[in-house]
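6 protein chains.
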Amino acid sequence: MASPSYKHFLVSTPLPNVAHVQINRPAKLNAYHEEMWIEMKTVFDTLSLSPDIRAIIFSGAGDKAFTAGLDVQAASQQGVLKQQEGAADVARVAVGIKRHVQEFQDCVSSIEKCEKPVICVLHGFSFGLAIDMSSCADIRICTKDVKLAVKEVDIGLAADIGTLTRLPKIVGNHSWIKDVCLSARVFGAEEAYRVGFVSQVLENKEKAVETALKMAELLASKSPVAVQGTKELLNHARDHTVASSLRYTGVWNSAAIQTEDVTKAMLSGIKKTKPRFEKL
Amino acid sequence: MASPSYKHFLVSTPLPNVAHVQINRPAKLNAYHEEMWIEMKTVFDTLSLSPDIRAIIFSGAGDKAFTAGLDVQAASQQGVLKQQEGAADVARVAVGIKRHVQEFQDCVSSIEKCEKPVICVLHGFSFGLAIDMSSCADIRICTKDVKLAVKEVDIGLAADIGTLTRLPKIVGNHSWIKDVCLSARVFGAEEAYRVGFVSQVLENKEKAVETALKMAELLASKSPVAVQGTKELLNHARDHTVASSLRYTGVWNSAAIQTEDVTKAMLSGIKKTKPRFEKL
Amino acid sequence: MASPSYKHFLVSTPLPNVAHVQINRPAKLNAYHEEMWIEMKTVFDTLSLSPDIRAIIFSGAGDKAFTAGLDVQAASQQGVLKQQEGAADVARVAVGIKRHVQEFQDCVSSIEKCEKPVICVLHGFSFGLAIDMSSCADIRICTKDVKLAVKEVDIGLAADIGTLTRLPKIVGNHSWIKDVCLSARVFGAEEAYRVGFVSQVLENKEKAVETALKMAELLASKSPVAVQGTKELLNHARDHTVASSLRYTGVWNSAAIQTEDVTKAMLSGIKKTKPRFEKL
Amino acid sequence: MASPSYKHFLVSTPLPNVAHVQINRPAKLNAYHEEMWIEMKTVFDTLSLSPDIRAIIFSGAGDKAFTAGLDVQAASQQGVLKQQEGAADVARVAVGIKRHVQEFQDCVSSIEKCEKPVICVLHGFSFGLAIDMSSCADIRICTKDVKLAVKEVDIGLAADIGTLTRLPKIVGNHSWIKDVCLSARVFGAEEAYRVGFVSQVLENKEKAVETALKMAELLASKSPVAVQGTKELLNHARDHTVASSLRYTGVWNSAAIQTEDVTKAMLSGIKKTKPRFEKL
Amino acid sequence: MASPSYKHFLVSTPLPNVAHVQINRPAKLNAYHEEMWIEMKTVFDTLSLSPDIRAIIFSGAGDKAFTAGLDVQAASQQGVLKQQEGAADVARVAVGIKRHVQEFQDCVSSIEKCEKPVICVLHGFSFGLAIDMSSCADIRICTKDVKLAVKEVDIGLAADIGTLTRLPKIVGNHSWIKDVCLSARVFGAEEAYRVGFVSQVLENKEKAVETALKMAELLASKSPVAVQGTKELLNHARDHTVASSLRYTGVWNSAAIQTEDVTKAMLSGIKKTKPRFEKL
Amino acid sequence: MASPSYKHFLVSTPLPNVAHVQINRPAKLNAYHEEMWIEMKTVFDTLSLSPDIRAIIFSGAGDKAFTAGLDVQAASQQGVLKQQEGAADVARVAVGIKRHVQEFQDCVSSIEKCEKPVICVLHGFSFGLAIDMSSCADIRICTKDVKLAVKEVDIGLAADIGTLTRLPKIVGNHSWIKDVCLSARVFGAEEAYRVGFVSQVLENKEKAVETALKMAELLASKSPVAVQGTKELLNHARDHTVASSLRYTGVWNSAAIQTEDVTKAMLSGIKKTKPRFEKL
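Protein chains in written order, with my numbering: chain A, 81 to 360; chain B, 81 to 360; chain C, 81 to 360; chain D, 81 to 360; chain E, 81 to 360; chain F, 81 to 360.
Treat the hints loosely; a few may be bogus.
[Stated by the list, open to error] Straight-line C-alpha distance at most 27 Å; calculated DSSO-like pairs for lysine-lysine: (1) D/LYS351 to E/LYS144; (2) A/LYS193 to E/LYS193; (3) E/LYS108 to D/LYS354; (4) D/LYS227 to F/LYS354; (5) B/LYS359 to B/LYS193.
[As the list claims (entries may be wrong)] What the simulated footprint calls covered on chain A by chain E, stretch by stretch (three residues with Cβ under 8 Å from a Cβ of chain E suffice, anywhere in the stretch; the number is not a length): (6) 173-183; (7) 327-341.
[What the hints assert, rightly or not] Pair by pair, the computed Cβ-Cβ distance ranges are: (8) D/LYS352 to E/GLU271: 23 to 29 Å; (9) A/GLY176 to C/PRO94: 41 to 47 Å; (10) B/PRO94 to A/GLU290: 48 to 54 Å; (11) A/PRO84 to D/THR122: 57 to 63 Å; (12) A/THR93 to E/GLU183: 24 to 30 Å; (13) C/LEU298 to B/THR93: 53 to 59 Å; (14) B/THR93 to A/GLY268: 48 to 54 Å; (15) E/GLU183 to D/LYS352: 28 to 34 Å; (16) A/ARG356 to B/ARG179: 28 to 34 Å; (17) B/GLN153 to A/LYS224: 44 to 50 Å.
What the hints contain is simulated information worked out from the structure, not anything from laboratory work.
Note that CB positions come from ideal geometry on N, CA and C, so glycine has one too.
Isolated chain A (complex conformation) (with noise of 0.2 Å):
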């Protein structure tokens, strides 16, 4: 089927049902200015809530980066980055920035909120926003020769469109969070590995594409309902105790669990077939 077309991603449907969304910048590292972070929440947004599409995989077109972060060159020319002149009052300054920078958050959270799971695969130069971007999918994978920063405070600032948030929560080492973020120094894919940050090291990034299309067309073979409960739920216990998330685990089921998915599920699980899922 046809997807919709975009000024800066390349978005297909290699399988069916599985989206494979690109980056489209490549001439420039895949560098991020505002209006592709804009155009970047319309893309996940349209996902979310497509019927057709069960598993998204998400790349930097091209073979040079994933992206290289921030456009620094386009940020100093507008937005919060740019030099105030001389007069403006701080406390409205801030409350500009504050506005651009929730934005900014809203349009890399919907990584996050897509209700399909995300596969990122990282490869080539992934600093900065490449961090606070993979951070919001569900599985990362890489290519052996990823270089990876949380690069933000080599530009003067502490990284907030969602690395530092999310880095604690998604990898349990906090001596080694803290290093990378503290330093900004570029790690890669081993490293990447050991420390849980990824979860797969592919050889190159055709088979890390590959990797990640096999990976997608699997879960999209599976229940959709169960598919995107289990993504809702893990995500929900990350932010919430363990007694509130077994609450709303409870009522969440009580409507899912009546569909006719888990007797079809059943059913092919004893007769050895393959099921069909309706759309969701």
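Mind docking chains B, C, D, E and F on chain A? Use the hints.
For chains B, C, D, E and F alone, coordinates are given in the frame of chain A:
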């Protein structure tokens, strides 16, 4: 000393102050039906208050499985996975499901609420409910040949008895958690060890039980005031802020430190003797 | 520049903007008594506000120990572990203990509250309090021969100065945490590295301090607005939901991004020069 | 229909779908001993799941008291307020107390957890436990001559069965709450009404029970899906952030709104008829 | 200045820097259908960022109603209350409902998220959605003849657009809240004032709007940095612990206090002049 | 007994075990400058631990004011409200402000953290800081002629020392809170009483102090274990869920109930004698 006798569980005391709980339905790969999880709550509630027990190990009977999970066949004939007949009101069915799920959750949570440390030995098939239950245990070890899986997606539902709630709190690799929970794929001992789901891998079930027993013996030799306080405070920390848990800890120890165990333990530390602590 | 002089700590500035704090009771394996932890709070509170300091390394003096923990002999003669004489009212004793524990906790928490990043070098004996204190540090590295243990259970009590509260938040392997906290067993560098309690292992103390100094030097060369903001935001994230931390982050940066450090850092990034940042 | 018979409680169904629970120890001003609160949990747990019951009123038997609170004489001879003999270990006694208090709390909380709305009629002496229990009810009304008091301070302890936990959440006048909880002074109907602890004051017990019954009859005439959902969502809101409760609410209603009660209720609204809702 | 024109809302600026938003469907008692709440979000989002607006009043057009709530007839023909045809899968319907409810909640929450203070004038029929929306406003005043009701139970559902979530946080009389939410009964101005749902009662709509305008005029005359910061900090406090909100407040004011409004306000306080504050 | 002497506060013990703290700058309407709030922390920290003190009353010296709030003139010459000279870096100024605000907050919070109950007598001018401080007290009473105001908006800032954080937790009328905080308008005793900000109104200062002393005398006559535990548990409840506070309460009382005060209190209740409790 004699242990009460149960229908679906073998409960023995292989060592002084150490209980061994075995799921006892080996002919069916220790698969669970409703009567079993209700009885399991009784087992752990009883051990929790038994003054003679200071540490517990939990395994499956037989060589093949810790547990293959829910007895799907039984479940499809009763309980919430049973197909509803025609005209039932969705909201009323939902309330019934919610009650059922909460009761099931409560039974599984009894392992976590048990005041004594629980060491879970995962071996053979350890699917679905095996992950829910072992996530409630304090220490997880496994055999080399264990076959683990968060299986629920494959029967068309999101796991609702605790796995999705607790895994993100006890394993610091969310990319991996999302992977195994969304895909329902089987994973083995090495992977479980690498990501930190289990903290030890043993050659086979015999060795694993032996290791668990030694560990339990060690814990049982220590001050029960100290050991059980440590379990409680670690569980509290998981669900509260640092400030809140420090406050709770101070209050907890305001009574606990008044125990004579402290003097006994310090003296025997100096005298290099083995302390004997009173029942708790 | 000269550092204030302390009774139990050596505080030096081996490199510009870098402080080195050494626990200075090597003859007693740097074991702590009450006067020491109270002084330690002064040390870290002072460094926290000192504009000349941008990074701190923390180690023990001498070759044998970071710290062997609480000086149990001293503790048994004063403070809460001193045996209470006969007739004291339990509730009144409890209030005294609670106050004492809270004061002790506050002293240890000063490491975490210190606005500057703290790199902790664990070496030799690093028992009990060593874990409480290093868990407050930002980055933990250790020597090959370090001997680590959550020792409190062996003196009859649950650790109450921070270990049980912070370990479950900074290490993503709860099975391992329960194991070492309940058993009080000694563990080494390799294990600490594998589970993510430390992020680097060095050959010996000399190398470890050298490595820590280089790391500190690097952090001290960066924008203090960015570095200290990053520490604060990562600590905030640990104790709040994602939504709450994103909101806090936006407000934090609404002032912080107005710093001239951003321009300086971006310019020097472009010009490949080394920026010089004002004191903070 | 017949109600189960209890030793310490009168449980009747004065109106269809309405249960009346009376504390039945009028000779002792309905003072509680342990057996009573354990039985009370059974009463409310049973009503919670009874499909024939849609609203509950809760009062004391006799004219003199809702309840005078804990039967102090009984309590001084058993349970946690019984004087401990000489040599008991403080920490072990503490664990016993904690277990006892938690069990007592659980029994009282059964009123709050009851899925059906509970209207509490406070009359005559309503001391100590009367406040703990009525704070769990949904609606509190009282008689003109009620004598209310948070009495626990006068027996040397801080109320621990729920009053201190719930009052600050259900009454928005913390200065008043601190006043009555710290002073243990008796307060009357007018004061209770003014600060919002009760929402109605009636002439005498007869009128109060009559009013409660009419209120219960009204609630019982409405959709049980709507009524019981409303209770659950209001209780959830009390303990969660707005964002978290909105999320929970959306999931709750995703099943509940599929009820046929919505259609029935809307139709009868249009047709001005009285709808009849199925059991829940 | 000219205001944008909307289909379902009248938006005027009766005084400098003060907007008046009127629900504009008086012929239907200002009852809402989906298009209206979506447009309402646009109205409040726009005002939130409009530098010319510093305070907002919100009322219904016409004499009869603020709003009679959901247009039940419209709702029964589209959206989630529309009867589902036969064979739809319960879980899939549930996901659709959840999305719909969340979107509806988002629209209503735009009143709370609006950075400018919103004064809500409740008059005439103010049912259902009227409570959801006014609970998002900052200040609620009403007319003597207002007819208020949490009506949802009477159409067979638990209110899910915010009433049940916010009422327990903004009114400190949970007995009363449970009463009106469970019974759906109509209540008037005096009762709303007594329990603290509204903070002022006016003779009639004209007087109420006049009072609201004066109040808005006063707020608009003050420093927008101070006024909008106060709204944000009060909203933050509602959902966070005291410690967490104090921390947030300190960071918020670290930028806000740098405003020139402080100097202006202090000077004009001393000089008894009227300060003029810049746009925000 | 003699009380320590302070520069800005009169601290006396008008009754056994009762302290009276008076703000002692009547010539300036008891307006605060920095030295005062730092000293105030010492006053309350000292009383908190003083075994001879069991209740505290807090008022202003002189007839005119509890306190007119911040000494704006002093504040404009030092501290964070002092106008910054030209070239200061916004982010560095912000860090300084944040530190200053946090220190100020800590001083005010000492009233809340004080282990003994604090009764605040509001009289005459009670502006700004008067609300921040009295919101930390346990019980608030006032004189008929008190003039209260959340004044901060009128000096161009959002109150940041506690008012905006605590008011929404201690008064259950958010419409009123928003009104007085946004408008900075003066309100009187009757209004404060009606909304529940104060719990008693007295004829004049003399009567109010007399009433407060009687109340304090009563609290001081009761078990300090019970009274101070009650304060702690009510404060804990304000910031935690019901489940979490019940858990904390159980642990708190596991030590506290072991006090001999329970026996003393129960005996004297039976014997109608006046118990004498040991110091705490």
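Right, here's what the structure says about each hint:
Simply put, D/LYS351 and E/LYS144 have alpha-carbon atoms about 23 Å apart, close enough for the 27 Å limit, and the pair holds. Among the hinted pairs, A/LYS193 with E/LYS193 is consistent with the structure: their alpha-carbon atoms are about 19 Å apart, no more than 27 Å. For the hint pairing E/LYS108 with D/LYS354, the CA-to-CA distance comes to about 25 Å; that is within 27 Å, so the pair holds. For the hint pairing D/LYS227 with F/LYS354, the CA-to-CA distance comes to about 22 Å; that is within 27 Å, so the pair holds.
Between B/LYS359 and B/LYS193 the CA atoms are separated by roughly 19 Å; this keeps the pair inside 27 Å, and the hint holds. Look at the segment 173-183 of chain A against chain E: 3 of its residues bring a Cβ nearer than 8 Å to a Cβ of that chain, three or more, so the hint holds. Here the segment 327-341 of chain A counts 7 residues with a CB under 8 Å from a CB of chain E, which clears the bar of 3, and the coverage holds. Between D/LYS352 and E/GLU271 the CB atoms are about 26 Å apart, so this pair conforms to the stated range of 23 to 29 Å.
Hint check: A/GLY176 to C/PRO94, Cβ distance near 42 Å, so the stated range 41 to 47 Å holds. Distance hint for B/PRO94 and A/GLU290: a CB-CB separation of about 51 Å, consistent with the stated range 48 to 54 Å. A hinted range of 57 to 63 Å for the beta carbons of A/PRO84 and D/THR122 is consistent with their spacing of about 60 Å. Under the hint 24 to 30 Å, the C-beta atoms of A/THR93 and E/GLU183, about 26 Å apart, fit the expected range.
For the hinted restraint 53 to 59 Å between C/LEU298 and B/THR93, the CB-CB distance of approximately 56 Å keeps it satisfied. Between B/THR93 and A/GLY268, the C-beta spacing of about 51 Å keeps the proposed range 48 to 54 Å intact. Take E/GLU183 and D/LYS352: their Cβ atoms lie about 32 Å apart, and the range 28 to 34 Å holds. At about 32 Å, the CB distance of A/ARG356 to B/ARG179 agrees with the hint of 28 to 34 Å.
About 46 Å separates the C-beta atoms of B/GLN153 and A/LYS224, a value consistent with the hinted range of 44 to 50 Å.
Against the hints set out earlier in the document, no violation occurs for any number.
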